[in-house]
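S.K.: For reference, the chains in residue letters:
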Amino acid sequence: MKKLLALVLTLCMVFALFGGSAAYADDVTISLWTYPIGGWGNSEIVDKLIADFEAANPGIKVTVEYLAYADGDDKVNTAIEGNAAPDLIMEGPERLVANWGAKGYMVDLAELWDDADKAEILPVVQAACFNKAGASYEYPLCMTAHCMAINLNRFQAVGADKLIDLDTHTWTTDQFIEAVKLLAAENPNVAAIYCSGQGGDQGTRAIINNLYGGTFTDADHTKYTADSPENIKALELLAGLEGVNFDPAINGGEEINLFRQGILDMAFCWNIGAQLNTDNNDAGLTNDGDTIVCMAFPTDQAQPALCGGIWGFGIFDNGSAEKIEAAKTFIKYMADSAATADAVKASTYFAVRDTADGVDLTKIYDGNEIMSEYTKLMPFLGDYYQVVPGWAEARTAWWNMLQKVGSGADVTEAVTEFCATANAAAGK
Amino acid sequence: MRKSRSGLNQSLVRQETIAGYLFLLPSLFFFLVFVVYPMFMCIYTSFFDSNMGKNTVDTFIGFGNYKELFQDKIFLGALRNTVVIVVVAVPTVCAFSLWVASAITDMKPVLTSAFRVIFYLPVVTGSVAVTVVWKWMYNNYYGIFNYLLKSAGVIDKNINWLGDARYALWCIILILFTTSVGQPIVLYVSALGNVDQSLVEAAEVDGATPMQVFWKIKWPQIMPTTLYIVVITTINSFQCFALIQLLTSGGPNHSTDTVMYYIYYTAFKLYRYGYGNAMGVVLMLIIALLSAVQFKLGQSQD
Numbered sequence: 281m282k283k284l285l286a287l288v289l290t291l292c293m294v295f296a297l298f299g300g301s302a303a304y305a306d307d308v309t310i311s312l313w314t315y316p317i318g319g320w321g322n323s324e325i326v327d328k329l330i331a332d333f334e335a336a337n338p339g340i341k342v343t344v345e346y347l348a349y350a351d352g353d354d355k356v357n358t359a360i361e362g363n364a365a366p367d368l369i370m371e372g373p374e375r376l377v378a379n380w381g382a383k384g385y386m387v388d389l390a391e392l393w394d395d396a397d398k399a400e401i402l403p404v405v406q407a408a409c410f411n412k413a414g415a416s417y418e419y420p421l422c423m424t425a426h427c428m429a430i431n432l433n434r435f436q437a438v439g440a441d442k443l444i445d446l447d448t449h450t451w452t453t454d455q456f457i458e459a460v461k462l463l464a465a466e467n468p469n470v471a472a473i474y475c476s477g478q479g480g481d482q483g484t485r486a487i488i489n490n491l492y493g494g495t496f497t498d499a500d501h502t503k504y505t506a507d508s509p510e511n512i513k514a515l516e517l518l519a520g521l522e523g524v525n526f527d528p529a530i531n532g533g534e535e536i537n538l539f540r541q542g543i544l545d546m547a548f549c550w551n552i553g554a555q556l557n558t559d560n561n562d563a564g565l566t567n568d569g570d571t572i573v574c575m576a577f578p579t580d581q582a583q584p585a586l587c588g589g590i591w592g593f594g595i596f597d598n599g600s601a602e603k604i605e606a607a608k609t610f611i612k613y614m615a616d617s618a619a620t621a622d623a624v625k626a627s628t629y630f631a632v633r634d635t636a637d638g639v640d641l642t643k644i645y646d647g648n649e650i651m652s653e654y655t656k657l658m659p660f661l662g663d664y665y666q667v668v669p670g671w672a673e674a675r676t677a678w679w680n681m682l683q684k685v686g687s688g689a690d691v692t693e694a695v696t697e698f699c700a701t702a703n704a705a706a707g708k
Numbered sequence: 027m028r029k030s031r032s033g034l035n036q037s038l039v040r041q042e043t044i045a046g047y048l049f050l051l052p053s054l055f056f057f058l059v060f061v062v063y064p065m066f067m068c069i070y071t072s073f074f075d076s077n078m079g080k081n082t083v084d085t086f087i088g089f090g091n092y093k094e095l096f097q098d099k100i101f102l103g104a105l106r107n108t109v110v111i112v113v114v115a116v117p118t119v120c121a122f123s124l125w126v127a128s129a130i131t132d133m134k135p136v137l138t139s140a141f142r143v144i145f146y147l148p149v150v151t152g153s154v155a156v157t158v159v160w161k162w163m164y165n166n167y168y169g170i171f172n173y174l175l176k177s178a179g180v181i182d183k184n185i186n187w188l189g190d191a192r193y194a195l196w197c198i199i200l201i202l203f204t205t206s207v208g209q210p211i212v213l214y215v216s217a218l219g220n221v222d223q224s225l226v227e228a229a230e231v232d233g234a235t236p237m238q239v240f241w242k243i244k245w246p247q248i249m250p251t252t253l254y255i256v257v258i259t260t261i262n263s264f265q266c267f268a269l270i271q272l273l274t275s276g277g278p279n280h281s282t283d284t285v286m287y288y289i290y291y292t293a294f295k296l297y298r299y300g301y302g303n304a305m306g307v308v309l310m311l312i313i314a315l316l317s318a319v320q321f322k323l324g325q326s327q328d
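As they're listed, the protein sequences go chains A and B. Here the first sequence stands for residues 281 to 708, numbered as in my numbering. Here the second sequence stands for residues 27 to 328, numbered as in my numbering.
These aren't lab readings, by the way, just hints derived from the structure by calculation. On a predicted model such as this, the values are computed, not experimentally measured, just so you know. Ideal placement from N, C-alpha and C gives every residue a C-beta, glycine not left out. Warning: the hint list may mix true and false statements.
Ranges of calculated distance between the beta carbons of each label pair, as one might list FRET restraints [claimed, not checked]:
(1) Ser652(A) to Ser177(B): 40 to 50 angstroms
(2) Phe267(B) to Asn537(A): 24 to 34 angstroms
(3) Phe267(B) to Tyr349(A): 12 to 22 angstroms
(4) Phe122(B) to Ala331(A): 49 to 59 angstroms
(5) Ala268(B) to Pro659(A): 53 to 63 angstroms
(6) Pro659(A) to Phe267(B): 44 to 54 angstroms
(7) Lys412(A) to Tyr47(B): 54 to 64 angstroms
(8) Ala413(A) to Val154(B): 34 to 44 angstroms
(9) Ala689(A) to Lys242(B): 51 to 61 angstroms
(10) Ile181(B) to Asp690(A): 25 to 35 angstroms
Incomplete in silico selection of chain B near chain A, CB under 10 angstroms [unchecked claim]:
(11) Pro135
(12) Ala194
(13) Ser281
Next up, chain B with everything else stripped away, as it sits in the complex (with noise of 0.2 angstroms):
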């Protein structure tokens, strides 16, 4: 009776294994074809010379396309740009986000949504009408940031923000900015509302300022929300391409080129495949070693 009792929960389990495969089918089928196959493709790829053409062969040259890249100066460049990105980019999106939530966490719960939605809407909204609304903005001729300066008396003369380089890229950061803070305010708001009040309260009662609650209370609970933030806003930093494509191009004087933009340049513009993937290893290599670091900081302070 005890046997047949575990063969039939022994058949259960493998039926619900079974099944449990199956739902997962479609997602690893995805991700095998969409993720897993091109990033091999990619590695395998970036150790050729591989071009563009119906007659052409692709030739082995080991290592060669990554000894070039490190003498390319448009390749480093685009990396340094990248890191300023990343850089500037990653701590005040996290700082302005929890500030943001932190404040409108205990405002009426209505209150407390539109501010939510007013965050979240250059996520939803398409990049290509952020692009342009930002495009009108900057311009140089009619934009609107030159006119309200010139009307405050700021500036005496138009400032040609996305073709001027000493301020290119700076533009494209604020732009980045406020499509990225929409996501870690939504999550940093939730993740404030779960945590344990009594031990705020007990902190409070204990005579603890509303910094020492927050540093020592509630802090350490959304540290792993810190921590997914951080590593989410890091690759897409380090991912910028459509604004870069839609509104510089790279320019002017190469000083908005990111990694991604002079990836896709090299094998859409120039063809080159090989070494167009050769960067897109590097950049690989570099967001899973900072993520890495990253888990590894998060989980020290957990």
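For reference, chain A alone in the conformation it holds in the complex (with noise of 0.2 angstroms):
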């Protein structure tokens, strides 16, 4: 009797297994595996979005996984290594095509790109998802560009709000540098250069490179020129600037932190998603209800040259066509459809197109008075340099080159000895 019993259960189980199977046995499914990019980062926000696109593509399903910065390079890393790496994942050109497409494991996009994606996609942001013999590793989706901000009661209760013009979101060096002057008499922590590593470099960079019209690449890419004389001149006047603090214990998030909390009168790293953040306050309004302005990096010339973030999908070529193909459609669905206009407001950042399948991209921020300011600041994008090789060790080798100067080094040596090794890696 008890064998009888298991024998039916057993084949319960076994048509169970099949049975069930085959009601899906079309479907393919495949993973996202995502940076905190904005909503992107939001498991709600993407639930909706990936349960919009399997309505729309009946047999393709999306599991997705979510990746911090701090740890997500490893991860992804330690997929590779063991054949584990997801189908999709959501980053920028510094990664899906400077890091592990120039290794060989990304799928070549290029054929996804038609000549409407040409026209349609802003030239800078074209250059960047193509490695310079001609394949594509990312799909772009959306952009901004990171600026700095200020507090602006700070700035209005020692008079240095004057310095500042609040339109174009702009001011000069000098202006700058009179700013702090104002600001660390009455607090000594106006500005910290956060060098303790973990991203944000883009606000270190673009500071120094901005002050005296300094570059961090050359134009073609191959070559870090962070030594020139205008990023030295800039790194002596912040060294010896009263009240710019270089800390080697602080990373961009923290910065960011001690900024809303009213410790730092400027944070350097910022963008429109920092912006709209309401954790602890309505967006734009630090904890104690400051008004957060943003603006573009002080600089001596014509006009600032703001660091691009630039965002979108890349497929791991894990040697299914099947999921490849799925993956395809999952990224023109998200960044060339109708769909494109929600999963850009998904991350609170910009389109890199006008228009996608018709659909105007352009006003879909409408009615958003912080948005619709931050667009002034996005003119200024100035190249995207992020895309040399060799980018991992020199963005380590950056922050130690901060800390050093932070820590009285002579810095023409510190940033001699960051080209020295940023250049090597480059030359890999």
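Got two chains here, separate frames each, mind docking them using the hints?
M.R.: Put into structure tokens, the structure is as follows:
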């Protein structure tokens, strides 16, 4: 009797197994790993986008895993080495093109770029998504210009608000120096050159490059040029400026927190995502209710050059043509269809194109005052240079260089050493 | 009759032996797969120029990675920092644990247990949680250490504890110390409780002072525990990684780099697996050598 019962149960399980899977026999399941790119790091928002995609594309299922910048690269690298890389990944050209693409792990997406894409997507974005051989390892979705932020109430309290143009969100190097001096009389922690590592490096590069018109790499993105006289002059200025502290104990995220807490008067690690943050107060306000104003980095040039953030999708070559095709369908749906407006809005950044499948993407933030104001900074978007080979090693060397300058080392020696290390990595 | 009994015994012995090995099998499997195999691969890969890349081929370079290691200033600095951590942490952890254990052993059982729990708490608390709390205490802008020292008039300007190369490594050692003393204290309390009381009483009757009782009677009897604590603390100190990764990333100016952190950095940030493995082999040899010396010294004193 027991044997009969066991046989019946076993048969039930076997039928359930095959019967259950038979209903989905034609389904393709692809995995998406995403860094916290605005709302793309929030499962509630992403679940809705995925549900819409699956409804529009029956037969394709998408699983999502959320990465953090602190250890996301380690997870992806470990997965690659363990032959368990995701099918899809969402991030920027510095990882997709310059790192995993260059190492041969990504699928060339050049065929996804039709003539309409090439006409609609901004040239600076296109350039960042292709390597020199013409292969594309990223299909872009959204972008922003990284900027800095100031505490307007503090500026007003010391009369430094007269030094900034609140309409264009610009100021000169001399005005920045004057503002720091005024603020430092009241607060010893006006700003921090954070340099513990782990992201946010664009802010430190931008303040240094902009002050006297220096560049981080050459125009061909083959060589690091941070040892130029303009950059050395800027570093020497910051190192000697009372109120600006080189701090190896904090990273970009912690600098933002200190700024929100009112400890710092300026933040160099800022973008529209930070401006829209409502964790501790309404968007555009510090924890204490002071007004936060987004500013371009100060410069003595005709106009500032802001670092761009470009985010999109890449596909890992896991050997399954079926999954690659499904992943391409996903990319086209999210980044080049009527659904793109929602996908871009989810990121809280701006679209990399004016239209997608006939839908106007220039007006998706109409009525949003903060986003409209932030668009004034977008024309200052500079060269996207974060595609130089050896980017990961160069970034660590950059932090070490800042730490040395902060501890009183000779600036010229420190940047020369940085460039030697970074260029050696670029040449590997 | 005798033969059949002997045969029965042999059969029982064989069955017990097989059963014993079967019980060992799961552990043996995990030991082979997760310890022996990775160890072999680590040594093997250390002789190759092995990097990340789909189309890259590992190139045999003999002792090339090892030669490079001893010309690498960052590795030598990391090795020096690691040695400082071991040299400072091991004796202080052992001495402090023994002192605390001696002090609380003779207390009421409730108090002894309470102290054991207090000192053991950092051990069972997740290293991330511990690190977050310490990072807050060390904070340059609103940390409690700066607040207390300024309130007491000891300092007039905030110290950037983790951002200043003069203090950062010592801050790490202090955290390591607090997370390392819990287990030794529990072990020492247990070892001191097992000391033969008749010998202690006999020595006291013979007029031995408390110090003489401790060094002549108790110390030899807790020597195996001391040896175990020294070896374990040495290994843990050599493998200091999480604190560095979560607090300083080796900075400022490489002042808190440890060999373990540099292995991680080389393998996971620079993707130089062969070079990272060569460091791992060197670290393994140093730990093995030191452990052997400690065991030898411990046995000779036993």
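S.K.: Starting from the hint list further up, note which numbers the structure goes against and sort them upward.
M.R.: Those not satisfied are hints 5, 11.
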